[in-house]
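K.L.:
Each chain, letter by letter, is given below.
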Amino acid sequence: MQQPAKKMKKVMVPRVVDGKETMVEIEVEDTGDSPKWGPNNAHRLLNKNITRVDAPLKVTGAAIYSYDVRLPGMLYGRILRSPHAHARITKLDTTAAERIPGVRAVTVVPSAAVVEGSQKATEEADKKNPIKVGGTAQPASNAVLKIVRFEGEPVAAVAALTPEIADDAIRAIVVEYQALPHAVEARLAMKPDAPKVMPEGNIKAASKSGDREKVAAAIAGCDAIIEAEYSTPTVHHACLETHGMVVDYRGGNTATAYASTQGTFTIPGDTAKELGLPESAVTAVVEHMGGGFGAKFGIGVEGKLACQLSKQTKAPVKMMLTRTDEFLFAGNRSGSWQKLKGGAMADGTLVALDATQYRLGGLGDGSQANQPYVYRPTQSYREVSSVYTNQDSSRAMRAPGHPQASFAIECLIDDLAAKINIDPIVFRKKNLPDTIYHRQIDRGAREIGWERRNKTPGGSAGPLKRGMGCAVGTWGAGGGPSCVVDVNVARDGAVVVAVGSQDLGTGTRTYTRAIIAEELGLSISDVLEKIGNSKLGNANASGGSTTVPSLAPALKDAAVNARLAVAGKVAPLLGIKPEEVIFADGKLSGGGKSLAWKQACAALPASGISARGAWKEPLQARGVHGVCFAEVEVDIETGFVRPIKMVHVQDIGLPLNRLAVASQINGGMIQSLGMALYEGRVMDAQLGIMLNPSFNDYKLPGTLEMPQLVSIIDDEDLREAVLGVGEPSLIPAVGAVANAVFNACGIRVRELPITPDKILMGMMKEERQKS
Amino acid sequence: MNTFEWTNPTSVAEAVKLLRVEQEGAAARDQDGVPQPLGGGQDILTTMKERITRPARLVNLKGIRGLDKIEGNARRGLRIGALVTLTQLEEHSEIRRGFPGLAEAAQSIATPQIRNLGTVGGNLCQRPRCWYFRLEQVVCLKKGGTECYAAVGENKYNAILGGGPSYIVHPSDLAPMLIALGASVVVEGPSGKRTIALDKFFTLPKEGNVRRENVLNNDDIITEIQVPASAMAARSTYLKFKERSSLDFALSSVAAAVEMDAGGTVRQARIVLGGVAPVPWRAPDAEKSLVGKRLDAGTLAEAARLALQGAVPLEKNAYKVPLTQTLVRRALAKVGGATTA
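For the record, the sequence lines run as chains A and B. Note that the first sequence ends on residue 816 in the numbering used here; no numbers are left out. Note that the second sequence ends on residue 1256 in the numbering used here; no numbers are left out.
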């Protein structure tokens, strides 16, 4: 019998490669019978505050992270990094390292296994200077020629009985470098006579759009014009668990990789390739992981080295990066340099914008959202280029490219509003065509007390000046069809939901349980989740805020299928039809009868029932906004900025767990506050090295920097669909804080982070101009 | 970190012997690998982990009895054992009452965890925080190299006073305050005890050995800090400016102490700046300018100007001049009893 042809339909979904999201059109089956979430206010567990199910494990330290894995016979790996920004290795001798008692293996980094972005350049160089690829230790006589292109580029690695021995051993490897000219600062790299970072040149034009002459003419007719440059430094993910993994391979046919990763299913293929095994022979385990923020996809150079060392020694190898490694070669948010010229009319119409945008991603392309970002002036022109420098490649980081673009345009918008003397939120509303922003702006303004702000920037009396700022953002936050969820209900009533997905710390475990429990009329504790294992059902990598919108629909589908399967077996006991069985309060009822859950499950077959779920497009949606307000106090005599309050309003459709969503939003504000006021990589242009690769000198905000944080879920978003919230919650706060500083003291700092020295220098400049 | 010998002397004399460097000459004494004393370990362990120092032997001072006591009071002055922790100092009721600036200085340091372990002696002897110094691969002037990279590099945090050829700033918060209070340190070495006024203890790179920050020899140990009774102690304060309130070193700090008569006229004053020079920086002209005056706005502004006279900022630290002037004014206003400056 011929199967009827499946009805297909086309949908747009985000495709995430290494955390960078692009939209692609795909065909999915049009099942037409997707389950529905129902109204957002009609849930029993969802859209409520649910305590994180893994909280006890995490606060007691019982949760096992990759960093905690200790296996019998395990060796510790360490990586030797290049101390130079650009150099040719002329000699590499591992003899002394191999002689250290406790050292089990030394390997040289094959030049093809370099960190993202530097690959092409390195390949070019290697054509001229072929090197022997590692795998076995290089004998002293065998000179290895390799070009290193940034400080921190991995050169060799060792495995030893203890991390301390491994630390000594990497220092015993003798490497001779012939230093080559380098360029670590974008402005220097752009000069015509700069050392070539890339064979094809240091500037790569990416895109151009708009008519520059028309824009210039439009700006010339404006009542107010702002022309300024904005820059943001390279900032870091600063995951509390560093990158790395433990490879459990002992020379057999299978291997297990305990990885700190955002993508359980990005691990087995990479690992298998390095070990020479079929992909199916490798299991990835990601029970808990300590932060990724876009930097942890695939096994990375550290994972490759771990595999090589494990293969050499036939022993498990733990290769977790040190904090210095983490700063130097495990990713960062690309810096930015933007030259903007914008004009507005006295009535508050944003007329035109001319934008030249440079993405500063080291050896990578970097990322930056296109200007004019969410605003729609009548005329706009932009050109975007990447500038290459001898620094490690940037990677995706929580809303790649967005905070940089948002910061610059939001400062410009604020300056234009000040110039035409119009309330910045009135100006924004006039120029934001999407009215969802309007309601979010009004909600945030009410919460922060916008009417209390300085009408004139810097206008209040005394040295301690308060100010408020506002900014907006946007993100996709939709999902795609990748998750396969299995639910098993046992005859004793035990419910297990299984899917291979990792939990980044964002609460995946909790909503995985909650969606099933909600559907089956059970409580959270009645369901157990199994996640973080590549032998379980497939799941997408957590990038682009796609986890919830990809996984939750499949969970809902599986839950509904499980309910129907249980109902099918239990309905006869109640004397009703399966679709009439009501699942509520831990009971199955209907037809005037009621069975407790366990009683009911006794009717199941010996093997229980199994149900599977897949992604259902209508259960998720795409497109979110987000508005942030900040209040700060600036001491104009010291330049000190004290964050007082931050408010973020976020639409998210159906919030699965309000507590987790609020926590995500708080985290977004905190990370953004760090970028606005404290954080930034500092490079020495002459030495070509990073000066602050530690938590002492790279200044993350701490507890004492925290303002009052108010996360507001925009419940006027009535979409009965799930969306991601990780990235949108980070974007606008940088601009909001920068604008609050300006409103407080009248000094506009256009170069992040806004540190006291910049405010004081701004004050000094202003005083000189006055006198 | 490299392997090292761990020793547990029970007396100062034994510790001094264990710290002895056999070879003669300054070069031998500065070489990497010489024995080092360990108090709370909060600085030396970081330098070892970062491989800035690689002592072949650590001499643990914590087994020596009697160095962890605070004795005395405002009337008699204080004797503070070198192993007294910063937490002890910060919580000591006599100090809080009679030497408030000292308690404030202790409280301004690092984090509660570090203050629980860090000692007074260790705080005075900690190494600079300059990032060039702290990076393993940079061999700067202070590590036997030929160049101070901060002179022309990223020098936002470096010295505006007393710099050259090295431009480090001294990181101790206790030192400026103790100098303002007229403190001395008792040092024990192979030839016995000696007492050194704390304002003679620290050495400028252009005057002393550029690789060191103070007059101690390798086998000298600070055993005690003596703070005299003083008419200025009760009106003392320490203002520390940090870029980040959580765990940070001073961009600039001011230790101030004054004695005033009943009418509010200054009899004597001490002003010592931290975070701006390779040593705690005394401001004698500013101190003198206050004598015989009431602490009004004009007097404070003049003292602030004088305290920073002679400042020569590097390319990226000119902000430290107005910042420190503000701190001088505010510190004086605070000890003078006024609420604002």
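What the hints contain is simulated information worked out from the structure, not anything from laboratory work. Positions of the beta carbon are idealized from the N, C-alpha and C atoms, including for glycine. Careful, some of the hints might be misleading.
[As the list claims (entries may be wrong)] Here are the simulated EDC-like cross-link-like pairs (lysine to aspartate or glutamate), alpha carbons at most 16 angstroms apart as the crow flies: (1) A:K803 / B:E1158; (2) B:K1157 / A:E750; (3) B:K964 / A:D212.
[Stated by the list, open to error] To give an idea of the chain B side of the interface with chain A (calculated C-beta under 10 angstroms), a few residues: (4) W921; (5) T922; (6) N923; (7) P924; (8) A928; (9) Y1047; (10) L1162; (11) D1163; (12) F1164; (13) K1231.
[Said to hold, decoys possible] Covered by chain A, according to a simulated footprint, are these stretches of chain B (three or more residues, beta-carbon under 8 angstroms): (14) 1066-1080; (15) 1102-1110.
K.L.:
Each hint should be assessed against the structure and marked as holding or not.
P.N.:
Quick rundown of the hints versus the structure:
1. For a cut-off of 16 angstroms, the pair hint linking A:K803 to B:E1158 stands: about 12 angstroms separates their Cα positions.
2. Among the hinted pairs, B:K1157 with A:E750 is consistent with the structure: their alpha-carbon atoms are about 12 angstroms apart, no more than 16 angstroms.
3. Note on B:K964 and A:D212: the hinted pairing holds, with a Cα-Cα distance of about 10 angstroms set against a maximum of 16 angstroms.
4. Interface restraint check: B:W921 against chain A, minimum CB-CB distance 14 angstroms, threshold 10 angstroms, status violated.
5. The criterion of a C-beta within 10 angstroms of any C-beta in chain A is not met by B:T922, whose closest approach is roughly 20 angstroms, and the hint is violated.
6. A distance limit of 10 angstroms between C-beta atoms decides the matter here; for B:N923 the minimum to chain A is near 21 angstroms, and the interface restraint is violated.
7. This hint is violated: B:P924 has a C-beta 25 angstroms from the nearest C-beta of chain A, more than the 10 angstroms allowed.
8. Because the closest C-beta pair between B:A928 and chain A is about 33 angstroms apart, greater than 10 angstroms, the hint is violated.
9. Checking B:Y1047 against chain A by beta carbon gives a least distance of about 7 angstroms; that is within 10 angstroms, so the hint holds.
10. The interface hint given for B:L1162 holds, since its Cβ lies 6 angstroms from the closest Cβ of chain A, which is under the 10 angstroms cut-off.
11. The criterion of a C-beta within 10 angstroms of any C-beta in chain A is met by B:D1163, whose closest approach is roughly 7 angstroms, and the hint holds.
12. Proximity of B:F1164 to chain A holds as hinted, the smallest CB-CB distance being about 9 angstroms (cut-off 10 angstroms).
13. For the restraint placing B:K1231 at the interface with chain A, the shortest Cβ-Cβ distance is roughly 8 angstroms, inside the 10 angstroms limit, so the hint holds.
14. Counting residues of the stretch 1066-1080 of chain B whose CB lies closer than 8 angstroms to any CB of chain A gives 4, so the stated coverage by that chain holds, three being the minimum.
15. Check on the stretch 1102-1110 of chain B: 0 of its residues sit with their Cβ under 8 angstroms from a Cβ of chain A, so the three-residue criterion for coverage is violated.
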